[in-house]
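Okay, here's what each chain looks like letter by letter:
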Amino acid sequence: MTKAGILLNVNGLRIEGESGGRWQEIVKGVSLRLDRGEVLGLIGESGAGKSTIGLAALGYARPGCRFSGGQVLFEGRDLLRMSESELRRLRGMRIAYVAQSAAAFFNPAHRLIDQFIEVLAVHGFSDRAAAAAKACNLYACLGLPDPARFGQRYPHQVSGGQLQRAMIAMAMAGDPDLIVFDEPTTALDVTTQVGVLAAVRSAVRGSETAALYITHDLAVVAQVADRIMVLRQGEMVEEAETQTLLRTPGQDYTRRLLTADPTIRRERAADGHLLEIDNLSASYGARRVLDGISIRVPKGRTMAIVGESGSGKSTLARVITGLLAPDTGTLRFDGAVLGRGTGQRASETLRRIQLIHQMPDTALNPRQKVSEILGRPLTLYNGVKGEAAAEQVARLLEQVELSPALGDRFPGELSGGQKQRVCIARAIAADPDLIICDEVTSGLDPLVAEGILDLLSDMQKQSGKTYLFITHDLKIVAAIADTVVVMKNGEVIEQDGRDAVLKSPRNDYTKRLIASVPQMDHGWLDTLTARSSADK
Amino acid sequence: MLLPKEPSMTVLARGSAVSSATGGRLSPKWLKALAAAPLSAKLGLFIVIFYVGLALLAPWISPYGEAEIVGPQFSAWSSEFLLGTDNLGRDMLTRLIFGARNTVGIAFAATLLAFAVGGTLGIFSAVAGGWPDHLLSRTVDVLMAIPQLIFSMFLLTIFGMSIPVLIVVIALVDSTRVFRLARALAMNVTVMDYIDVARLRGESWLWIMRREILPNILSPLVAEFGLRFCFVFLMISALSFLGLGIQPPTADWGSMVRDNATLITYGDISPLLPAAAIAVLTIGINYVVDWFLDKSSGLREGQ
Chain A
1144 MTKAGILLNV NGLRIEGESG GRWQEIVKGV SLRLDRGEVL GLIGESGAGK
1194 STIGLAALGY ARPGCRFSGG QVLFEGRDLL RMSESELRRL RGMRIAYVAQ
1244 SAAAFFNPAH RLIDQFIEVL AVHGFSDRAA AAAKACNLYA CLGLPDPARF
1294 GQRYPHQVSG GQLQRAMIAM AMAGDPDLIV FDEPTTALDV TTQVGVLAAV
1344 RSAVRGSETA ALYITHDLAV VAQVADRIMV LRQGEMVEEA ETQTLLRTPG
1394 QDYTRRLLTA DPTIRRERAA DGHLLEIDNL SASYGARRVL DGISIRVPKG
1444 RTMAIVGESG SGKSTLARVI TGLLAPDTGT LRFDGAVLGR GTGQRASETL
1494 RRIQLIHQMP DTALNPRQKV SEILGRPLTL YNGVKGEAAA EQVARLLEQV
1544 ELSPALGDRF PGELSGGQKQ RVCIARAIAA DPDLIICDEV TSGLDPLVAE
1594 GILDLLSDMQ KQSGKTYLFI THDLKIVAAI ADTVVVMKNG EVIEQDGRDA
1644 VLKSPRNDYT KRLIASVPQM DHGWLDTLTA RSSADK
Chain B
8 MLLPKEPSMT VLARGSAVSS ATGGRLSPKW LKALAAAPLS AKLGLFIVIF
58 YVGLALLAPW ISPYGEAEIV GPQFSAWSSE FLLGTDNLGR DMLTRLIFGA
108 RNTVGIAFAA TLLAFAVGGT LGIFSAVAGG WPDHLLSRTV DVLMAIPQLI
158 FSMFLLTIFG MSIPVLIVVI ALVDSTRVFR LARALAMNVT VMDYIDVARL
208 RGESWLWIMR REILPNILSP LVAEFGLRFC FVFLMISALS FLGLGIQPPT
258 ADWGSMVRDN ATLITYGDIS PLLPAAAIAV LTIGINYVVD WFLDKSSGLR
308 EGQ
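Residue numbers (this note's numbering), protein chains in the order written: chain A, 1144 to 1679; chain B, 8 to 310.
If we strip away everything but chain A, and leave its shape as in the complex, we get (with noise of 0.2 Å):
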C-alpha cells in the first residue's frame, strides 16, 4: 500500500485546559502536515503542548482538555468531529501511541504475546497463531533477544529497554498509519536508549508508517526525524528539515536549545580527601549491590558517580548518608568513622553531609509550606526561630534564585525546577560540607538543568563545598566533574581525573558508555550501529 501524499493535516489546532477553574488556551494554533512514511519530530520544553499535540493526533483530549478549535485531518477526516465509535475503530489499527513508561502501560498479570494478541483481537483479527507469528516477527525486527519465546515473559521478566521495545511492537501490531512516540526513551539510560532508538527508526524505515517523535531531547531526535518543529508555550517556534535546522537554526530560541548543553569548566586539583569509603560493601536482602568499593572524594571538589540503573550508584548514596548500613567496609568523614546507620551518627554529623533526592515531587512533603520545609533545618540545628528563621528562608530562597514569596506555596503549587531549586535549598539551609546529588538535573527540561548545575557550581565557587554528583548523563559529568568514578555492577570500574576518563577511557565498558551519548548529528546512530555490527 504505497499511497503517497498527505496522511495527517493538522490547521490551527487549538486546545484549552482547564486550571483552578479557568480554561486558559495551551495549544495555541498549531498547524503541521506529515507525509506517508515520514518522522516530524516535536521538540520543547514541558508546557510547550507537544504530548498534547501529540494525543490530538488521535483525537483525544486528556481530562481537563478540550478542543476549542481548528481541525486534525486523518486521510481527510476530521477527527475531531469523529463519533467515539469511529475513533475506536482508527486507534490501535491505524492510528497507534507509545507512551513514555512501558512499565506503566502493561498489565503485570499477563504475558506479552497475550497482550500483543488481544490488541488485535479487539480490533476483530481472531487467528490466534497467526497474531503469534507477526509478534513473533516484529520482536525480531525490533532486535528483541530470542523472538520466539520473548512473547512468554511476564512483563517484570525483561528489561525497560525490552519492554519499551515490546510496546512499540504492539503499537505495530495493526500495521498503523501513524505512530505517535511520546518521549519513548526519556526514562531509559543511554545506553539502553541506543537500542530503543534503532527500534524505532527500523520500525519507521521498513514500512510506509509515519511518525510523530516526541520529546524534550534536541540530539535524539536528530536521530530518528526527517523533519524537526519546535515548539514553545502552545506555539510553533519554527519548523525545518532536520540537517537545515541542526546548522542554521532560524530562531533564537532553538539556538538555546541547540547550545543548552552546561558549559565547561577546567579540571582542579584537590588537596586531601572529604570522604574516604574503603572496601564497602552493601545488600537489600541477600542481594549484594556494593560490592567492596574504594573512592576517595576530594575536598572542595565536585565528583561524579556515572554508571547506568542498577549499577548501584543510588544505593552509594544511601550507604554514605547512613540510609543504608553497609555489610563492611568504613566511611571516613573528615578524619572520623562514620556510624553505619542514621541512628548512630550524631546530629552534627548528620547536618555536615546532605542529600539532593532525584525527584523533588517525593523529596518535598505535600503538605508542608516551602518556608517551613526551609525552616525546619534552622531549628533543628541552630534554634533559629520565628522572625529569624523567616528572615534566613526569605535569604536562602534568594540564593537558590527563587522568589521570598514563594515561601507561602504548597510544593504543589510549583514547577519542576522550582520545586528542585526549594530541595537545593533545604540542603544549603544545614550549611553542609558535603552535598550528594542524586541525578539532580535528570527529571528537568535541558535549559532549566543549566540552571540548576549554574546554581551549584556559583555555590561552589563561594563556599568550597563538596559535591558527589551521580548522574548518567556524560555531558554534566563533562561540564562539572573534576573526578569521575564509574561503576557497574556495583563495583567501581574506573575512578581518575575527568579528562582521563572521559578522553582516554581505559574500561571497554566507559568506552561503550561514552559512545552511547546522543550526538546533535542525523547521522550519529548510523555510524554507531554500523560500528557495532561490525565489532560483532
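It is worth saying that the hints were derived from the structure and are not from the lab. A virtual CB, placed ideally from N, CA and C, is assigned to each residue, including glycine. Misleading hints may appear alongside valid ones.
[Unchecked claim] Once the Cα atoms are required to be at most 25 Å apart in a straight line, the calculated SDA-like pairs of lysine to any residue come out as:
id	chain 1	residue 1	chain 2	residue 2
1	B	49	B	225
2	A	1646	A	1606
3	A	1528	B	217
4	B	302	A	1160
5	A	1512	B	226
6	A	1528	B	226
7	A	1171	A	1512
8	B	302	A	1551
9	A	1512	B	49
10	B	39	A	1551
11	A	1528	B	210
12	A	1528	B	208
13	B	39	A	1165
14	A	1512	B	301
15	B	302	A	1164
16	A	1512	A	1598
17	B	39	A	1553
18	B	49	A	1209
19	B	39	A	1414
20	B	302	A	1209
21	A	1442	A	1414
22	A	1512	B	225
23	B	302	A	1552
24	A	1528	B	218
25	A	1512	B	214
26	A	1631	A	1457
[Stated by the list, open to error] Short derived list, chain B residues pointing at chain A, Cβ under 8 Å:
id	residue
27	199
28	201
29	203
30	204
31	206
32	207
33	209
34	217
35	219
36	222
37	223
38	275
Since the structure of chain A is already known, use the hints to place chain B on it.
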C-alpha cells in the same frame, strides 16, 4: 494572649485542624464550600447537627424526665404522649431524645479513642518496621480473628458493665480496623523521599509520625472516622439490645427496641422508631463523609 507567631502554637493548631494552619483565613472558603455542597451533603449535615442539638438540649426540650414513669404501659400515640409510652409507662419521645445523648455520646467517645490508639500504633508500625511492626500486626491479626460482637460480649462479661468499660472495649475492638488502615496508608508515605530526608535530619519518630506522615493521610482517616462511627453506633445498639450495653434505666435506642418489641405483634410501629433514628443518623453521616471524600480526594463532579 496566644501570639500567632509562636511556633508551638501554630504546630498544635495545624496538627488538629483538618485543613492547614491558617484556619482563620480559610473559614470563608469553608463556608463557600458548604454553599457549593451537593444537596445530599447539606441534608447529611442538617441531620448530624439536628441530632447533636437534641443530645445537648435533651433535658430542656423533652416533655418528661428520662426515667420518669408518666402513664400507663404501652399507651398509644396521643396529644399527651406524642409517641406513646413504653413497657414501663415512660414517654417514648423523651426516651428517644435522651437516647440520642447517651448512644451518640458513647459512640463518639469510643470512636475517638479507637482512632487515637489505632491510628498512633498504625503509623508507628509503618515508621518503625521490623519486629515492632510484626509484633503489632500479628497481635491485631489475632484480635481481628475473633468475631467482633462475641469478643466485646466476652470482655464486657469479664470486666463488668459500666460506661467507661463499654467505651474502652468498643474502642479496643474497633482500633484493630483503624490500625490496619492507618498502617497501610502510612506505608505509602514512608517510602517517600521526604521521610528519608527527615530521618537524615535526625528527626524523632514522633516528629516523623506527626508532622511528616499524619497530614498526608488525614483525609482518608477522617472519612473512615465517619464510617467507623456508624459501625460503633450499631454495635452499641446491638450490645444494648442483648442487654450488655447501656443499662436501664438510662435511655438507649438499642434497648428501647428490645423492650418494646412485643408491640410489633399488635401492628404498632413505635418500637421501630429508635431503629429509624439509628438509620437516619447513619445515612446522614455517610452523606457528610461522601462529600468530604469527594472534596479531599480532589475528584471533581462529572469526572
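Now for the hints, and whether the structure bears them out:
1. B:49 to B:225: Cα-Cα ~22 Å, so holds.
2. A:1646 to A:1606: Judged against 25 Å, a Cα distance of about 30 Å means the pair is violated.
3. A:1528 to B:217: Given that 25 Å is the threshold and the Cα spacing comes to 20 Å, the pair holds.
4. B:302 to A:1160: Answer holds: residue 302 of chain B to residue 1160 of chain A is near 21 Å, not above 25 Å.
5. A:1512 to B:226: 18 Å, holds
6. A:1528 to B:226: Judged against 25 Å, a Cα distance of about 29 Å means the pair is violated.
7. A:1171 to A:1512: 34 Å, violated
8. B:302 to A:1551: 22 Å, holds
9. A:1512 to B:49: 32 Å, violated
10. B:39 to A:1551: 22 Å, holds
11. A:1528 to B:210: 17 Å, holds
12. A:1528 to B:208: With Cα atoms ~17 Å apart, residue 1528 of chain A and residue 208 of chain B stay inside 25 Å; holds.
13. B:39 to A:1165: Holds, because 18 Å separates the two Cα atoms, which is no more than 25 Å.
14. A:1512 to B:301: 23 Å, holds
15. B:302 to A:1164: 15 Å, holds
16. A:1512 to A:1598: Holds. Residue 1512 of chain A to residue 1598 of chain A sits at ~23 Å (cutoff 25 Å).
17. B:39 to A:1553: At roughly 22 Å apart (the allowed maximum being 25 Å), residue 1553 of chain A and residue 39 of chain B satisfy the hint.
18. B:49 to A:1209: 32 Å, violated
19. B:39 to A:1414: 63 Å, violated
20. B:302 to A:1209: Roughly 23 Å between the alpha carbons, so the hint for residue 302 of chain B and residue 1209 of chain A holds.
21. A:1442 to A:1414: 7 Å, holds
22. A:1512 to B:225: This hinted pair holds, its Cα atoms lying about 17 Å apart.
23. B:302 to A:1552: At roughly 20 Å apart (the allowed maximum being 25 Å), residue 1552 of chain A and residue 302 of chain B satisfy the hint.
24. A:1528 to B:218: 17 Å, holds
25. A:1512 to B:214: 16 Å, holds
26. A:1631 to A:1457: 12 Å, holds
27. 199: This hint holds: residue 199 of chain B lies near chain A, its Cβ roughly 5 Å from the closest one there, short of 8 Å.
28. 201: Interface hint status for residue 201 of chain B: holds (5 Å vs cutoff 8 Å).
29. 203: 6 Å, holds
30. 204: 6 Å, holds
31. 206: This interface hint holds because 5 Å falls under the 8 Å limit.
32. 207: Where the cut-off is 8 Å and the nearest Cβ of chain A is about 6 Å from residue 207 of chain B, the hint holds.
33. 209: 5 Å, holds
34. 217: 12 Å, violated
35. 219: Where the cut-off is 8 Å and the nearest Cβ of chain A is about 6 Å from residue 219 of chain B, the hint holds.
36. 222: Check passed: Cβ of residue 222 of chain B comes within 4 Å of chain A, closer than 8 Å.
37. 223: Cβ of residue 223 of chain B sits 5 Å from chain A, so the hint holds.
38. 275: 54 Å, violated
Violation of the numbered hints given earlier is confined to hints 2, 6, 7, 9, 18, 19, 34 and 38; the remaining hints are satisfied by the structure.
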